[in-house]
Every structure is written in C-alpha cells, then in structure tokens.
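> Single-letter residue listing:
Number of protein chains: 2
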Amino acid sequence: MGLNDNVAEPLERLSRLLETDMAAVTALIHARMSSRYAPRIPEVTAHLIEAGGKRLRPMLTVAAARMLGYEGVQHHLLAAAVEYIHTATLLHDDVVDESRQRRGRPTANLLWDNKSSVLVGDYLFARSFQLMTEAGSLRVMEILANASATISEGEVLQLSAAQDLATDEAVYLQVVRGKTAALFSAATEVGGVVAGATEPQVRALYDYGDALGIAFQIVDDVLDYGGIADRIGKNTGDDFRERKLTLPVIKAVALADADERAFWQRTIERGDQRDGDLDQALAILGRHGAIQAARADAVAWAARARAALAALPPHPVRDLLAEMADFVVARVA
Amino acid sequence: MGLNDNVAEPLERLSRLLETDMAAVTALIHARMSSRYAPRIPEVTAHLIEAGGKRLRPMLTVAAARMLGYEGVQHHLLAAAVEYIHTATLLHDDVVDESRQRRGRPTANLLWDNKSSVLVGDYLFARSFQLMTEAGSLRVMEILANASATISEGEVLQLSAAQDLATDEAVYLQVVRGKTAALFSAATEVGGVVAGATEPQVRALYDYGDALGIAFQIVDDVLDYGGIADRIGKNTGDDFRERKLTLPVIKAVALADADERAFWQRTIERGDQRDGDLDQALAILGRHGAIQAARADAVAWAARARAALAALPPHPVRDLLAEMADFVVARVA
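If you read the protein sequences in the order shown, they are chains X and Y.
Quick note: the working numbering has the first sequence finishing at residue 551, numbered continuously throughout.
Quick note: the working numbering has the second sequence finishing at residue 551, numbered continuously throughout.
Extracted from the complex, chain X is given alone in its bound form (with noise of 0.2 Å):
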C-alpha cells in the first residue's frame, strides 16, 4: 500500500480536471531530465518518473495556483521543481534503505549502482533549483529551501529514531513532515505564492498540505499492520520486520509492560525477531487499542487539512482536495 493508492480517486478526478496543465508539467518534467554530457541521467530518471507515480506533488502546486486563479504558466516550472526533488527524495531513500523494488519495479540502485543513484538524484536536486529560479520568486525559493532542509533533516533523524523506543510521538511527527508533509505543504503554499495569494490563504494552503501529509503517512503505517479490520494482506508487518518504529508501536510503547517492554526491545531494538512475533506484536498493539488510537489521530489530521480549506476561495479544485482528504482516511475505516 502506497501513498499513490490511498488518494487514487478524488486525485484521478483532480487530474481530469487539470489534465491540460498536467500535461505541460509532464512535458517539462521529461525535457529538463535531458543532459547534454552525461546520457546516464536521463535513462536512471525515466526509469522512475515513467514508473507510473501519479504525480500528487506537482498536481497539489497546479491545483493551488489554479484554486486562486491564476492564468499565467509559471506554476508549471514549480510543479516539475517539485518532482524533481520528490524523484531525488527517491533515488537517495532507496541507497539509504537498500530496497530492490518500487512501484514495483527493481530499484535504480539495483538496475544501475548507488553511484548512479547518488549523484543522478544530486543532478535532479539542482535540475529543481534551476527551474526555481526560472520562476523567479525568492519567496517560492525560500519556502521550497526550507522544504528540503526539513525532509533531509527528517530522514537523518529517522535513521537513529526508527529503532529506539525512546522515540515519542513529537519526533514520529518530526520524522513524518520530513518522509512526506514538507513537501506537500511546500507543494501547496508555492502554488498559492506564484497566484499572488494573501497571507492567510498561503498559510492555510500550507496548513492543508502539512495536515493531509500527516494524514496520510499515518494512515500507511495502519495499514502496515492490517487497518483496524485486521485484514491482512501480503505487506502486512512489513515496518515490523524492517524494525520502523511507527505510530502504532510508539502508542504501545508508551503504555507497555515489563514483558511488553521487552518483546519491543528485542524485536524493534535488537531486532532478534522469530516466529510468531508479528502476531504477538498484533496482538499487544490490539490490547491497548494502538491500531485505533493511531487511526483516530489520522482522522483528526484529515479533518484539519479539510478545515484549512475554509480559508480558500470556493473553487471545484476545493471540493476535490476536501474529498482528497476524507479518502485518505476512510481507506482505514
């Protein structure tokens, strides 16, 4: 279960609706891969651009500008900016992590090296920053700057956060904003700053993105552990596995037991797991209601993206991230 999958059809909709802009941003996104030295850079980008990603980040800029009203097209160099460094994000998490497969396909690191995926992601981290400064706006650098700060500092802070049960719920959120909300929120507020938005409506367009990719980062690691409908499916307990200390197991954590404490120390911690341990994990996160807990903490993240809506003008793009965000959740209900 991805991201992609949690928003797919409010988002399908949202993409119809802006099929025209879209497809200047693919258009650009595919033109600006191009290198004219080094022909690597261009075959490890499709590789994953063309991957079939559905392009919520860039689509959350064009749809922000467009609910504002704007007519000109520089929301277009944004949005590639955006998947850019979304694409970069990528490349470098799959050397971080060491995964074989996204979206299901074999990984850049894999097909090629680490190497390529390194410095083809630096290329692309620059690629975005020149594409910025086409737009011309030092408001829209500053903002996506701090993007970039927060979802590096985020992914340092998850590699010794992700296995020490000291991690409590304001560095889960730490953690989160960097994997996923600071670059919607950035996505958002950019498209408002290039349509000239007021104050308040770029600090609700952030307040939008920031919610809805809480939202949905938590309501993916429900779903790691099988919802609350405990249906499970073939990547349940995944994060278990990968000893990810997520939302549910922070919950459990706080109210563990000696015995407790020590199963989590020893599978999350020490990753010594056996058999049987994701049941028992399943099971003490049932006992303490963590899977329910962690789902209704999604839902009130989902209302808040919703009700920063209200500061935005009346729009069908409006209607559509509303749904966007009531999707999100009822994926776990």
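FYI, nobody ran anything at the bench for these hints, they're computed from the structure.
A quick note: this is a predicted structure, and the numbers were derived from the prediction, not measured.
Just to be clear, a hint being listed does not mean it is correct.
Using C-beta positions, here's what the derived DEER-type ranges look like [what the hints assert, rightly or not]:
1) Leu329/X <-> Arg357/Y: 32 to 40 Å
2) Gly287/X <-> Pro260/Y: 38 to 46 Å
3) Pro260/Y <-> Asp495/X: 13 to 21 Å
4) Ala514/X <-> Asp331/Y: 31 to 39 Å
5) Val291/Y <-> Gly507/X: 54 to 62 Å
6) Arg479/Y <-> Asp456/X: 45 to 53 Å
7) Ala521/X <-> Gly287/Y: 54 to 62 Å
8) Ala388/X <-> Pro418/Y: 48 to 56 Å
9) Val291/Y <-> Arg479/X: 27 to 35 Å
10) Pro534/Y <-> Arg321/X: 52 to 60 Å
11) Asp331/Y <-> Leu329/X: 19 to 27 Å
12) Pro534/Y <-> Glu387/X: 52 to 60 Å
Which chain Y residues stay away from chain X? Per the calculated CB distances, all over 12 Å, these [to be verified]:
13) Arg254
14) Glu268
15) Thr307
16) Gln319
17) Glu352
18) Glu371
19) Glu373
20) Leu375
21) Leu383
22) Val393
23) Gly455
24) Phe481
25) Gln483
26) Arg492
27) Asp544
Lysine to any residue pairs mimicking SDA-like chemistry, simulated, CA-CA at most 25 Å apart [unchecked claim]:
28) Lys462/Y <-> Asp331/X
29) Lys462/X <-> Trp330/Y
30) Lys272/Y <-> Arg258/X
31) Lys462/Y <-> Gly445/Y
32) Lys272/Y <-> Tyr255/Y
33) Lys462/X <-> Pro260/Y
34) Lys462/X <-> Gln381/Y
35) Lys462/Y <-> Lys462/X
36) Lys462/X <-> Leu328/Y
37) Lys462/X <-> Ser253/Y
38) Lys462/Y <-> Gln381/Y
39) Lys462/Y <-> Arg254/X
40) Lys462/X <-> Glu387/Y
We put the CB at the ideal spot given by N, CA and C, even for glycine.
Once you've looked at the hints, dock chain Y against the given chain X.
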C-alpha cells in the same frame, strides 16, 4: 597531493589579508550546521569541516567581493553556501568512490555509514540553498544552481568516462569542470555579483575561477604520475591503480600504437593490472611526452586565469589571485 597543497603559499597570505571576513564565514558555517532534531548532522559535518581544509572556495567568494570594494556582509552568506556545497559533494563523492580516507582522517562513510553521508550531504545542499535565499539575489541563485547541475553532471559523466578509452580531451574537460572548476568559477562570480560588479567584471571572475580550477585539476593529474621530474612519491600511480583516465593517459592513448592500446585496454578498461604495469605506464607516457604536454596545458590555463584578472581593478587581493595561478603550476616545474 591535494588541491590545497598546490595553492598553499599565496592562499595563506590571502587568508591573512581576509582574516576578519573569513572568521565571520567560519562562524556562520558552524552556526548553520546545527540541527534542532538530528544531532548526527553537526557531528558528521564537523568531522569534515574541521578536518583542516583551507576554505579555498569561500575565500574566492570573499576575495572577489572585497577586490571590487564591497563593504557589506552578504558575501559571508554566499561564502558559507559555497563551502556547504563543497562539503556536500565531498560526502557524496566518498560514498561513490568508496573512499576510506580524506584529509588524512577516516571518511564519514567509514566512521558512520553511507546513509549518513548521503543524507547529511543532502541536508547541507538544502542549507546552502537557504543561505543563498537569505542573500536575496536571484542572479546568485541562478549561478549556484547552474554550478550544482554542472558538478553532478560531471560526476555522472565520470562514472562512464573514467574507464573508457574513447574519452577524449573535451569529455575530460567537462568532467574537470564538474569536479573542480564549476564551483571555483561560481565562487568568484557570486562574490562579484554581490559586490555589484559590471558584466565584464563578472565574466572575468568566472573566467579566472574556471581556468584556475582546470589548471589545479590538471596539475593534480600530472603529479599523480610523479610530475615531470619523476619525483615518485608515496601516492604516485593512485589514478592508474584506480583506473582513472586522466589527461596524461588520454594524451598517450591518442598517440598509442597497437601494443600500447592493448596495454591501456587491459589495465584501465578491464582493470587487469600486474606487477610492473605502473612502470610500463610511466614509460609509455614518457615516450609520447604526455606528462610534459599535460603540464603545458596546465600552464596555459594558469596564464588564462592570470589574464582574466586584467579586467578587474588593481587591488592587493588581485595580486595574490595572480600569484595563486602561477604558484599552482610552479609545483610541476
């Protein structure tokens, strides 16, 4: 023999001349490497930043600004941004090259891990980007965005070009611009822009940094084969053993007979190296005057660097920059 050794003497005098500025730059570099959430970021960064690099690149920015009579403090932000870009590329290079030592100390990827080096590098890129936005010049952002793209493009190019005998001098130059010259020229250029330099002055600053960077890198390549006086040092032949196609070898390949070509194919392309191969490589390079020819190129680039300074106003800094160009090639006299 690193780049810093090649330029030490005039650089030390420049360092004394710009002491107050450089103290402010160092303070800024330290202040901004902190992270509210992830203590590993300043740990990894400090390991590299405090390892005794001579801060050549930020000094070029400060030098350019002062030479043009700049009296403000924005150039400190840009100098720190330039040093962060440099540090980020070192962190990523050491992952890509699987290096174990840098500046006589264990590399960050060895002391921590590849993950930390990749992600802290990303963080420093983002931080550099934040520093630039504070300086508030779109022109500066554009120059540094272009330099960042050239750097990573050059690195990707090197992945395929370094062990391919089809690599010619034009490709070599592009790799060298990525490895060294792009950040040198951006460093001098942004120092000029922040000082309000005229277009011909900005162009001259670019030309100086570009030519100086290329001269440095060629000298580095020549010294790796012992220089022209056959002063075989402890690092002689590192590039050969690492199968790096550098300028002396490119020149020798262009003039190779069938036997020599077979030798380079075996040792560089296939990496099948045996005892005595380095001596044979040196003999072939000597036969074609390849080291002398590479040195002549370095001298020509240094002369171009010096000539570019003519378009800039007389200033003690200008004299030291000219000396630096001479000094770098004097090392292979």
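> Now tell me, hint by hint, if it's right for this structure.
A quick look at each hint next to the structure:
1. Leu329/X <-> Arg357/Y: 32 to 40 Å: 39 Å, holds
2. Gly287/X <-> Pro260/Y: 38 to 46 Å: The hint (38 to 46 Å, Cβ to Cβ) holds, given that Gly287/X and Pro260/Y are roughly 44 Å apart.
3. Pro260/Y <-> Asp495/X: 13 to 21 Å: The hint (13 to 21 Å, Cβ to Cβ) is violated, given that Pro260/Y and Asp495/X are roughly 36 Å apart.
4. Ala514/X <-> Asp331/Y: 31 to 39 Å: 36 Å, holds
5. Val291/Y <-> Gly507/X: 54 to 62 Å: 56 Å, holds
6. Arg479/Y <-> Asp456/X: 45 to 53 Å: Holds: the Cβ-Cβ distance is about 52 Å, inside 45 to 53 Å.
7. Ala521/X <-> Gly287/Y: 54 to 62 Å: Since Ala521/X and Gly287/Y have Cβ atoms about 58 Å apart, the given range 54 to 62 Å holds.
8. Ala388/X <-> Pro418/Y: 48 to 56 Å: 54 Å, holds
9. Val291/Y <-> Arg479/X: 27 to 35 Å: 53 Å, violated
10. Pro534/Y <-> Arg321/X: 52 to 60 Å: Roughly 58 Å apart at Cβ, these two residues keep to the hinted range, so it holds.
11. Asp331/Y <-> Leu329/X: 19 to 27 Å: For Asp331/Y and Leu329/X the Cβ distance comes to about 23 Å; the hint holds.
12. Pro534/Y <-> Glu387/X: 52 to 60 Å: With Cβ atoms ~58 Å apart, the hint holds.
13. Arg254: The claim breaks: Arg254/Y does not keep its Cβ more than 12 Å from every Cβ of chain X (closest is about 8 Å).
14. Glu268: Holds, since 19 Å exceeds 12 Å.
15. Thr307: 8 Å, violated
16. Gln319: Holds: least Cβ distance 19 Å, greater than 12 Å.
17. Glu352: 8 Å, violated
18. Glu371: Glu371/Y not clear of chain X: closest Cβ-Cβ about 5 Å, inside 12 Å.
19. Glu373: 5 Å, violated
20. Leu375: 4 Å, violated
21. Leu383: Holds, because the least Cβ-Cβ distance between Leu383/Y and chain X comes to about 18 Å, which exceeds 12 Å.
22. Val393: For Val393/Y, whose nearest Cβ neighbour in chain X is about 9 Å away, the distance does not exceed 12 Å, so it is violated.
23. Gly455: It holds; Gly455/Y is separated from chain X by about 23 Å at its closest Cβ, greater than 12 Å.
24. Phe481: Holds, because the least Cβ-Cβ distance between Phe481/Y and chain X comes to about 27 Å, which exceeds 12 Å.
25. Gln483: 22 Å, holds
26. Arg492: Fine: 27 Å to the nearest Cβ keeps Arg492/Y off the interface.
27. Asp544: Non-interface label on Asp544/Y holds, nearest chain X Cβ at 31 Å vs cutoff 12 Å.
28. Lys462/Y <-> Asp331/X: 18 Å, holds
29. Lys462/X <-> Trp330/Y: 20 Å, holds
30. Lys272/Y <-> Arg258/X: Not OK: Lys272/Y and Arg258/X at ~34 Å, beyond 25 Å, violated.
31. Lys462/Y <-> Gly445/Y: 17 Å, holds
32. Lys272/Y <-> Tyr255/Y: Roughly 29 Å separates the two Cα atoms, so the pair is violated.
33. Lys462/X <-> Pro260/Y: The given pair, whose Cα atoms are some 24 Å apart, holds under the 25 Å limit.
34. Lys462/X <-> Gln381/Y: 40 Å, violated
35. Lys462/Y <-> Lys462/X: Since the Cα atoms of Lys462/Y and Lys462/X sit roughly 40 Å apart, the hinted pair is violated (cutoff 25 Å).
36. Lys462/X <-> Leu328/Y: 24 Å, holds
37. Lys462/X <-> Ser253/Y: 22 Å, holds
38. Lys462/Y <-> Gln381/Y: 6 Å, holds
39. Lys462/Y <-> Arg254/X: 22 Å, holds
40. Lys462/X <-> Glu387/Y: 49 Å, violated
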